[in-house]
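Chemist: So the chains spell out like this:
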Amino acid sequence: MNKKLTKALSSLPLNLVIIGISLIWLLPSIGLLISSFRPASDVLSSGWWVTFQHPFDFTQYTLGNYADVITAQGMGRAFLNSLYITVPSTIIPIMVAAFAAYAFAWMEFPGRQVIFMIVVGLLVVPLQMTLIPILRVYNQLGLAGTFLGIWLAHTGYGLPFAVYLLRNFFGGLPKDLFESAFLDGASYLTAFFRLALPLSVPAIASLAIFQFLWVWNDLLVALIYLGGTERVAPLTLRLSSLVNSLGQNWHLLTAAAFVSMALPLVVFFSLQRYFVRGILAGSVKG
Amino acid sequence: MRKGGLLPWLYIGPTLLILAFFLVYPALNTVYLSLFDKRSENFVGLDNYVWTLTSKEMLTAFRNNVLWLVLFTALTVSLGLIFAVLLDRVRYEPVAKSIIFLPMAISFVGAGVIWKFMYAFRPANVPQIGLLNAILQNFTNLDPIGWLVNKTTNNLALIVVGIWIWTGFCMVILSAAYKGIPKELIEAARVDGANEWQIFWRMTLPMMKPTIAVVATTMVINVLKVFDVVYVMTNGAFGTEVIANRMYKEMFHYRSFGRASAIAVILLLAIIPVMLVNIRRFREQEAIR
Chain A
1 MNKKLTKALS SLPLNLVIIG ISLIWLLPSI GLLISSFRPA SDVLSSGWWV
51 TFQHPFDFTQ YTLGNYADVI TAQGMGRAFL NSLYITVPST IIPIMVAAFA
101 AYAFAWMEFP GRQVIFMIVV GLLVVPLQMT LIPILRVYNQ LGLAGTFLGI
151 WLAHTGYGLP FAVYLLRNFF GGLPKDLFES AFLDGASYLT AFFRLALPLS
201 VPAIASLAIF QFLWVWNDLL VALIYLGGTE RVAPLTLRLS SLVNSLGQNW
251 HLLTAAAFVS MALPLVVFFS LQRYFVRGIL AGSVKG
Chain B
1001 MRKGGLLPWL YIGPTLLILA FFLVYPALNT VYLSLFDKRS ENFVGLDNYV
1051 WTLTSKEMLT AFRNNVLWLV LFTALTVSLG LIFAVLLDRV RYEPVAKSII
1101 FLPMAISFVG AGVIWKFMYA FRPANVPQIG LLNAILQNFT NLDPIGWLVN
1151 KTTNNLALIV VGIWIWTGFC MVILSAAYKG IPKELIEAAR VDGANEWQIF
1201 WRMTLPMMKP TIAVVATTMV INVLKVFDVV YVMTNGAFGT EVIANRMYKE
1251 MFHYRSFGRA SAIAVILLLA IIPVMLVNIR RFREQEAIR
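Protein chains in written order, with this note's numbering: chain A, 1 to 286; chain B, 1001 to 1289.
Do not take every clue at face value.
In silico SDA-like cross-links for lysine to any residue, where the CA-CA straight-line distance does not exceed 20 Å [claimed, not checked]:
#1 B:K1151 to B:R1122
#2 B:K1097 to A:L23
#3 B:K1097 to A:S22
No wet-lab data here; the hints were simulated from the structure.
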C-alpha cells in the first residue's frame, strides 16, 4: 500500500504536466464550441468560461446561432459546395494516379525511371508557381468559378504525391503474384483490378483521407479559382469572408467555424488510424 | 515484367497530360512572366526581382518569415519531442495524443477563428471575452493587450497558432521514432546508473536525430509557404506580412502579375534545397524500414 502511494506521488508531477498540456491544447476549441451555443447577448457580455459556474443549466444554451449561420450566413450552402468540391477532387486524382503508379511499378517501357523521377520531382513546385498562368487559361476557357475547374486543379496538385505513394505501395507487393498472373494469361488490366487495387486498400484509404482533408481544408486554391463567386464558395472561403463581414459577432463566427470543422472531426474520430497514417505519409507533399 | 508496347503510355498518359498542364507549363510560364511588367506586356528584365528583394513590404515579409522559421520550427519540433517522450510514460497516452493531434484535422481558417477569439480584445473597464485578456485582467495588474494589433506581440500571436496546429504532427512522428529505440539499451543504461536526463541527452536524442531532421525540414517548408493563418487573422496588417500573403495581394489587389510571379519564383528557390534534403532523408528512412 505504502509502495503504491509513493509510486503514485512520484508520478504526480508528470501527470500534472501532461494534463496541463492537454488542457492548454483543448481549451481554445472548447471555448469555440461553448460560445457557438450561447446567445449573442451572453457571448458579448461575458467569457465562455462563465457557463462552468452552472454547466447543466441548459437555458443558457441556444441552437439559434447555428440556424442563423446555416441559412442566413450561407454556411449550409457552403457545406454542400465543399462536399461537391471535395468528393470528385479526392476520387479523380486517386484513380488517375493509380493507373500511372501501376504502370510505373509493373510495366516496362523506355524512360520509366526518368519519367517517374520527374513526376516525383514536381513535388517541389509550390502552388504559388502555378496560380497566375492557370487562372489566365481558366479565364479564357470559362473555367474560373466552376466546379470542374477546381476539380481539375486539385487533381493536378494532388497527382505527384498520389503517384509517388501508390507507386511505392504497388512496387512493394510480391513480384511472384504478378508474374504468375501474367503467365496464366491475365491482362494488365485484370491484374490491376484483381490484384493491385484490392491489395492496396489500406494505402488507398490513407491517401484518400489525406487528399479529402487537404481539399476540404484548402483555402488558397479555392480563393484563387473560385474567389468572388459566392454561389460555388466552399466552407473555408465562406468562413474567411464571414471573419471580415461579421467582425465582433462571435456567437455567429464560432458557430460558423464549428460547421466547417464538423466533418473533418468526424473523420478524425472514426478513422483515426488511417487518418494519422495519411497525414504522416502526406507530409512530403509540396 | 513483360514489354508493353504502347499500352503503358495509356496508363500514364492522363497523369502526364494533367501534370504538364497544371504544374510544368505554369511553372515555366511564371518564370517568364516574372520578367515582364504588371500586365505582362513589356519586358522589364530583373526589375521585379529587384523590387522583391529590396521593397519595404517584401523586407517586412522576409523578416517575418525568418521569425516564423526560427520560432515555429524550433518550438514545434522541441515541443513535439518533449510531448512524445513524456506521453510515453503514462497509460492514457492515446487520449492525450489525440487531443494534441486534433488541430491537424481542422482547417487553418477554422484555427484562425478559434484563436482570433482567444485573442479578443476589449477596453480595460469592461469584462474580457477573450481568454488571454481575461487572464491578464483577473490575475495580473496589466492592461488588456491587442494581441494581433500590438507590434511586439502580433507576430508571436500568429506563430503560436501555427505551433498549436503543427506540434501534434511533430509529436506523432517523433513518438513513433522514440518507440523504435530498443528498450534494452535504455534499461542497460539505467542499470549502469545513468539518470533520465543523461539518457535523454546522450542516447534518445542522438538516436532520433534522423527523424528530428525530417520533421524539422517539413516544418521549414510549411513556414516558407505559410498563408492561411495570416490571411485570416491579420491579412498582413500591422507588420505581420509574410511572403505567400504578399504574393496573393500583388496578384489580386494590385493586379501586378510580374511582381507576384517574381515572388513565387523566389519562394520556389527557397523551397527547392529544403525539399531535396527532405526527399533524400525520406528515401533513406524508407530504405532502412
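Chemist: Compare the distance between the alpha carbons of B:K1151 and B:R1122 with 20 Å, and conclude whether the hinted pair is satisfied.
Modeler: Holds, at roughly 17 Å.
Chemist: Regarding the pair B:K1097 and A:L23, is the alpha-carbon distance no greater than 20 Å?
Modeler: holds (12 Å)
Chemist: For the pair we were handed, B:K1097 and A:S22, check the Cα-Cα distance against 20 Å.
Modeler: holds (8 Å)
When each numbered hint is compared with the structure, no violation occurs for any of them.
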